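When we follow UniProt numbering, the leftmost residue of the sequence shown carries the number 1, and every step to the right adds one.
Quick caveat, the hints were computed from the structure, so don't treat them as lab data.
Watch out, some of these pointers could steer you wrong.
Claimed, not checked - With a Cα cut of at most 27 Å, we get these calculated DSS-like pairs of lysine-lysine: (1) Lys-228 with Lys-238; (2) Lys-238 with Lys-208; (3) Lys-208 with Lys-146.
Here the structure is a predicted model, which means the values were calculated and not measured.
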Amino acid sequence: MNLKKYTYSPAWNLLLITLGSTLFSLGAKGIVVHHNFITGGIYGTSLLLYYKTEWLSPGIWYFLLNLPLFVVGWFYISRRFFLYSLYGVVALTLTSELITLDFGIQEQIYAAVAGGIICGAGSGIVLRSLGSGGGLDIVAVILNQKFNMGFGRLYLMFNAVLFSFVITYYNADIFIASVILVFITSVSLEHILSLFNQRKVIFIVSDKNEEISKVLIHDLNQGATFLKGRGVYSGRDKLLLMAITNNIQMKRVEEAVFNIDPNALFIVENSFTVIGSSFGGRKIY
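Input sequences plus hints: build the corresponding full structure.
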């Protein structure tokens, strides 16, 4: 089974969603609720409703708030995404209901950092699947596909409204700790999403690019592309060499380039999205 078929297989996606939901619930039930913190998004809204009404539970509130979002998702996103996300909501609801523990972290700042790392990692694992954990993820996917609106912008706007309510109900300490929690969650989530996806885009400017390209292809098994360029000062035509690689291979490419031409110009840029060729296909929900 090739990598693409493996990542699109139901078993792999259900495993990611289950693992991510369980990890998120561990952070939420083991740390967040014991300090009355508010996470971002729909789950944060569920916590706020639970704290203020003491009705039901965060997991049940989360399930109920997702019902209207799933109606929207059914019409605007693929059935596969809908079913995976439905499983994600059920998994998160069940794990949130079944997990009862306390990590025993007393200091608010430590709890905010630890809770953010765990919840963010759980959310990131879920989003690496072809589904989601429900909530704002459904709306975010729709807006991203229809209007190319970034996920972060929607979360920022929603959380700004949510935390305007939080600051009226809670003291400054809990409010600030919750903001720290949300920030750490987003950082942890982004790190998980970029894990294994980060690439280095290398541009090489050298008079010996023909020789360098042969070493890259034959010795390092590294693909490359020639780009036509012209020196502004000299007016001479030049061939620029572009290669896409990872952190480990980049150092080998760097060494090979400067062994051939010590005067070469070696430019490296970070890229988190490289689609096509041997780098994998576009993620289709």
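Against the structure, the hints come out as follows:
With a C-alpha separation of about 6 Å, the suggested pair Lys-228 and Lys-238 falls inside the 27 Å cut-off, and the hint holds. Between Lys-238 and Lys-208 the alpha-carbon distance is near 10 Å, which keeps this suggested pair within the 27 Å criterion. Restraint check for Lys-208 and Lys-146: not satisfied, since their Cα atoms lie roughly 45 Å apart, outside the 27 Å limit.
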